[in-house]
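Peer 1: Next come the chains, spelled out residue by residue.
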Amino acid sequence: MLQVLYIFIPMLAAIFVPFIYKSIKNIHTGWFVLAVPATLAVIYATYIARVAKGEVFYDGIPWIPSLDISVVSYLDGLSLLFSLLITGIGSLVVLYSIFYLDKHKEKLHNFYVYLLLFMSAMLGVVQSDHLITLYFFWELTSISSFLLIGYWYTRDASRFGALKSMMITVFGGLMMLGGFILLYLMGGTYSIRELIAMAPNLVQHPLFIWALILLLFGAFTKSAQFPFYIWLPDAMEAPTPVSAYLHSATMVKAGIYLVARFTPIFAASELWIWLVTGVGLLTLFWGSFFAVKQTDLKSILAFSTVSQLGLIMSLLGAGAVAFHVNGAADSMFKYAAFAAIFHLINHATFKGSLFMIAGIIDHETGTRDIRRLGGLMSIMPLSFTVAAIGSFSMAGLPPFNGFLSKEMFLTAMLSLQNFEFFGFDTWGVLFPIVAWIASIFTFIYSFYFVCRTFTGKYKPELYAHKPHEAPIGMLISPMILASLVVIIFFIPNLIGDTFVKPAVQAIQPFLYNAPEDINIHVAAWHGEITPELVMTIGIVIIGVLLFVALPKWQGIYKLFPRALTFNNAYDKMMLALDVGLNRVSRLYMTGSMRHYLLYMFSGITAISIGTLFVKDAFSLSFEGTAPIRSYELILIVVLMIGTAITIFAKSRLTAIIGLGSVGYTVALFFVIFNAPDLALTQLVIETISVALFLLAFYHLPKLGKREERMRFQLNRAIISIAVGVMVTLIALSAHSQKLVPTISKYYEETVYSKAGGGNIVNVILVDYRGFDTLFEITVLGIAGMAILAMIKLRMNRKEKPHENK
Amino acid sequence: MKTNDVIIQFTAKIVFFIIFFFSIHIFLAGHYTPGGGFVGGLLTSSAIVLLVLAFDLNTVRNVLPINYTYLTATGLLLAFATAAFPMFLGKPFFTHFFDYFELPLLGKQSLHTAMLFDSGVYLVVVGVTMTIIQTIGEDE
Numbered sequence: 001m002l003q004v005l006y007i008f009i010p011m012l013a014a015i016f017v018p019f020i021y022k023s024i025k026n027i028h029t030g031w032f033v034l035a036v037p038a039t040l041a042v043i044y045a046t047y048i049a050r051v052a053k054g055e056v057f058y059d060g061i062p063w064i065p066s067l068d069i070s071v072v073s074y075l076d077g078l079s080l081l082f083s084l085l086i087t088g089i090g091s092l093v094v095l096y097s098i099f100y101l102d103k104h105k106e107k108l109h110n111f112y113v114y115l116l117l118f119m120s121a122m123l124g125v126v127q128s129d130h131l132i133t134l135y136f137f138w139e140l141t142s143i144s145s146f147l148l149i150g151y152w153y154t155r156d157a158s159r160f161g162a163l164k165s166m167m168i169t170v171f172g173g174l175m176m177l178g179g180f181i182l183l184y185l186m187g188g189t190y191s192i193r194e195l196i197a198m199a200p201n202l203v204q205h206p207l208f209i210w211a212l213i214l215l216l217f218g219a220f221t222k223s224a225q226f227p228f229y230i231w232l233p234d235a236m237e238a239p240t241p242v243s244a245y246l247h248s249a250t251m252v253k254a255g256i257y258l259v260a261r262f263t264p265i266f267a268a269s270e271l272w273i274w275l276v277t278g279v280g281l282l283t284l285f286w287g288s289f290f291a292v293k294q295t296d297l298k299s300i301l302a303f304s305t306v307s308q309l310g311l312i313m314s315l316l317g318a319g320a321v322a323f324h325v326n327g328a329a330d331s332m333f334k335y336a337a338f339a340a341i342f343h344l345i346n347h348a349t350f351k352g353s354l355f356m357i358a359g360i361i362d363h364e365t366g367t368r369d370i371r372r373l374g375g376l377m378s379i380m381p382l383s384f385t386v387a388a389i390g391s392f393s394m395a396g397l398p399p400f401n402g403f404l405s406k407e408m409f410l411t412a413m414l415s416l417q418n419f420e421f422f423g424f425d426t427w428g429v430l431f432p433i434v435a436w437i438a439s440i441f442t443f444i445y446s447f448y449f450v451c452r453t454f455t456g457k458y459k460p461e462l463y464a465h466k467p468h469e470a471p472i473g474m475l476i477s478p479m480i481l482a483s484l485v486v487i488i489f490f491i492p493n494l495i496g497d498t499f500v501k502p503a504v505q506a507i508q509p510f511l512y513n514a515p516e517d518i519n520i521h522v523a524a525w526h527g528e529i530t531p532e533l534v535m536t537i538g539i540v541i542i543g544v545l546l547f548v549a550l551p552k553w554q555g556i557y558k559l560f561p562r563a564l565t566f567n568n569a570y571d572k573m574m575l576a577l578d579v580g581l582n583r584v585s586r587l588y589m590t591g592s593m594r595h596y597l598l599y600m601f602s603g604i605t606a607i608s609i610g611t612l613f614v615k616d617a618f619s620l621s622f623e624g625t626a627p628i629r630s631y632e633l634i635l636i637v638v639l640m641i642g643t644a645i646t647i648f649a650k651s652r653l654t655a656i657i658g659l660g661s662v663g664y665t666v667a668l669f670f671v672i673f674n675a676p677d678l679a680l681t682q683l684v685i686e687t688i689s690v691a692l693f694l695l696a697f698y699h700l701p702k703l704g705k706r707e708e709r710m711r712f713q714l715n716r717a718i719i720s721i722a723v724g725v726m727v728t729l730i731a732l733s734a735h736s737q738k739l740v741p742t743i744s745k746y747y748e749e750t751v752y753s754k755a756g757g758g759n760i761v762n763v764i765l766v767d768y769r770g771f772d773t774l775f776e777i778t779v780l781g782i783a784g785m786a787i788l789a790m791i792k793l794r795m796n797r798k799e800k801p802h803e804n805k
Numbered sequence: 001m002k003t004n005d006v007i008i009q010f011t012a013k014i015v016f017f018i019i020f021f022f023s024i025h026i027f028l029a030g031h032y033t034p035g036g037g038f039v040g041g042l043l044t045s046s047a048i049v050l051l052v053l054a055f056d057l058n059t060v061r062n063v064l065p066i067n068y069t070y071l072t073a074t075g076l077l078l079a080f081a082t083a084a085f086p087m088f089l090g091k092p093f094f095t096h097f098f099d100y101f102e103l104p105l106l107g108k109q110s111l112h113t114a115m116l117f118d119s120g121v122y123l124v125v126v127g128v129t130m131t132i133i134q135t136i137g138e139d140e
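Keeping their order, the protein sequence lines are chains D and S.
Take UniProt numbering: the final residue in the first sequence is number 805, and no numbers are missing along the way.
Take UniProt numbering: the final residue in the second sequence is number 140, and no numbers are missing along the way.
Be aware that a few hints might be false.
Footprint (simulated), chain D over chain S, 3 or more residues, beta carbon under 8 Å [unchecked claim]:
#, region
1, 11-19
2, 30-43
3, 87-98
4, 103-110
5, 130-137
The calculated lysine-lysine pairs, modelled on DSS-like cross-linking and capped at a C-alpha distance of 27 Å, are [as the list claims (entries may be wrong)]:
#, chain 1, residue 1, chain 2, residue 2
6, D, Lys754, S, Lys91
7, D, Lys754, S, Lys13
8, D, Lys738, D, Lys792
9, D, Lys572, D, Lys552
10, D, Lys615, D, Lys738
11, D, Lys22, D, Lys103
These are calculated hints, taken from the structure and not from any lab test.
Cβ coordinates follow ideal geometry from the N, Cα and C atoms, glycine included.
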């Protein structure tokens with residue numbers, strides 16, 4: 001029970017944030033918020049030892065039992081690792097944000113509510129064992145990410161970036177939902193664990209391949225894979241703590257998580273291996289190549305994140321290869337999944353610290369433009385140290401954790417050329433080559449980031465105000481992460497045994513039964529010159545050469561025409577949608593009430609008469625009808641005269657009176673036919689609407705000359721006659737046949753015994769068909785508000801005509 | 001030119017109360033005899049409209065300083081709360097309860113949760129009708 005509730009703790013805490021913000025002004029709200037992820041991190045840390053032994057924890061509460069939907073928290077190695085990242089990095093980010101966001105100028109209550117909402121959503125994504133709840137939390141991360149990117153909502157770029165990320169990730173999320181539903185259709189269960197258990201049967205299913213493709217749409221959009229990565233650079237408009245948290249350490253890794261979680265199901269598929277590995281490598285190359293083009297510090301980091309996510313993705317694809325190899329647990333194919341998780345941890349540490357440094361530079365110098373920065377090493381020595389550690393780790397240099405995982409990455413890519421199926425024996429050689437080239441560019445942008453900012457000439461005239469070192473509070477979080485970068489290098493196997501192996505076991509249950517079965521030992525030096533080491537040395541040498549020569553070849557980026565970029569395609573598509581749909585709506589939304597009435601009446605008539613014909617429902621029988629009495633004839637004549645007056649009247653006043661007489665006559669009909677309730681209501685409604693007309697009388701336009709001489713319009717005549725015919729036909733047919741016994745008997749019998757009333761009409765309204773009434777009064781309320789809003793809006797415009805200028 | 005409408009104003013003052021109390025009667029009696037929240041609400045509105053016609057909007061607003069949008073919201077809230085309340089007792093949405101009680105002065109009467117729902121309907125109808133009439137009448 002408790003374990004599920006942990007997911008919702010941040011969400012519940014978010015309720016209190018605005019009140020704390022309003023009532024306690026002296027203390028930064030972040031200090032209170034900090035307690036939430038910190039506590040959760042401690043709670044999840046207590047699971048580590050037991051999960052490392054291979055235990056799993058399962059806890060669930062029903063949500064919508066009738067649809068078999070429940071909220072489930074399932075903690076195994078993979079979800080625990082992610083939960084720890086979410087809460088751990090979350091704590092550091094909140095701590096950092098306390099110093100980054102000014103408590104007087106910023107809307108902290110909004111910020112922390114969104115952030116806590118995101119935290120809950122993310123915990124839900126990684127712990128849900130239920131597909132539908134997983135999807136629910138998945139979209140919640142998209143929404144909270146949208147809110148956080150648009151946090152500075154007065155900026156155009158923020159709103160644009162927020163919308164873009166939302167469009168792309170929600171598109172992918174919907175695709176993923178389709179994949180989930182297909183999985184449910186195939187397996188008959190929403191539980192991921194049960195689906196994994198029946199994986200061999202699922203592979204045979206014809207829908208399998210579609211589920212795979214749809215699911216990957218979700219993963220690729222969320223994890224910013226090629227070609228969907230375009231939202232991530234624009235998401236950098238978010239405050240830097242958000243970029244560090246959502247757009248590098250956690251949310252963008254949800255796609256990685258999804259692929260990892262579903263590897264046991266889809267690993268059997270050739271398409272899965274090709275797509276995940278291929279797209280991952282392409283993204284790795286593409287991101288690293290274009291990172292060098294960027295001039296904004298955060299953009300460089302955004303592209304580098306794209307590329308690193310591609311790296312992890314390709315490793316997961318390579319991890320699925322092990323499924324097809326006999327004895328993979330002891331072969332060279334065992335490294336890929338391990339490397340993926342290991343690099344995921346490392347990436348969170350070094351990229352988190354780099355983002356925070358980028359934020360510090362922005363905060364302290366007022367710019368993130370790499371062309372204006374330079375020579376900050378002596379001014380910001382601590383920031384420089386952290387940035388250097390992070391960048392060197394990203395570049396894959398010892399003694400930093402990035403070196404270890406980069407080596408393993410190369411091992412895994414090299415192993416792919418030995419894989420004999422699915423055409424890998426011919427194409428497999430491409431993988432290490434692309435990986436190697438991408439690694440060179442990774443090296444270049446890492447140095448580009450740190451050297452352009454901190455070395456070179458210090459040009460004070462380019463800064464808005466004098467740069468200085470950040471306050472120590474702001475530096476704590478990046479320094480903790482940077483020290484982790486170094487520590488992990490020296491104790492990789494401790495990390496490997498506690499965090500990586502349990503997660504790998506969850507990804508590759510087909511290889512291992514328990515985490516300790518995994519026979520992988522991480523070492524910086526393997527005692528001999530390995531191909532990986534040679535490749536790394538090559539990366540360093542060529543990387544340094546290319547970096548030094550960067551000014552000479554950076555011009556090639558200008559060769560790429562803007563018209564061919566994905567960003568351009570996205571912009572064009574959005575514009576076309578906007579303009580196109582607007583044009584379509586304008587075709588029929590003319591703004592003329594008469595046109596709308598024409599649509600409605602012709603629609604109703606067509607549907608009703610069509611149904612009468614199709615169902616052959618027309619019948620005519622005068623059985624059991626009462627004779628027509630003389631005063632009924634009189635009423636009918638009065639009714640017709642009233643109608644004629646309403647239509648042909650030369651003045652509005654006459655028309656209103658004519659209309660009123662029609663209404664009262666109808667009320668009299670109700671009286672004759674013993675329907676006092678209806679008569680009463682009709683009478684009062686008539687009175688009020690006549691009064692309303694009189695009130696509005698002054699404001700109605702004069703009946704113009706044009707309308708005085710009514711032109712005969714054939715189409716309108718046809719429609720009005722058709723409406724009359726339809727109503728008559730339906731009334732006659734309804735009276736002439738009784739397909740089902742009338743329900744009034746039931747009402748008569750139960751009105752006193754079950755509903756405790758005497759007046760059936762009213763008991764129908766409030767009890768039998770209470771739902772109808774409930775929604776009718778809701779609609780009534782909405783209509784009232786709409787009228788109020790429309791009229792008040794017009795009045796305000798009149799008062800302030802200059803407002804729209 | 002100022003019209004002399006003493007007679008209609010005087011009559012309206014008296015008739016207002018007659019219609020108003022009749023509307024309350026019709027609203028309360030609705031469960032057993034013709035009437036109910038909808039008609040009751042309309043009748044109450046018509047009583048107020050009568051005042052509006054005899055005097056003018058501003059006078060009526062001074063006499064009855066009611067914010068009709070709030071009235072609408074209160075009614076909706078009451079209706080939804082009555083409908084949702086049984087869920088807290090583990091019963092389906094919209095379950096109604098009733099029983100018969102001996103009340104002082106009134107004798108044996110039935111008390112009904114449908115009545116609460118109907119009060120919601122009554123308030124919404126009065127609120128919306130008067131909102132519409134007020135805004136349209138005010139609009140110059």
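Peer 1: Please write out, lowest number first, the hints stated earlier that are contradicted by the structure.
Peer 2: 1, 4, 7, 8 and 9
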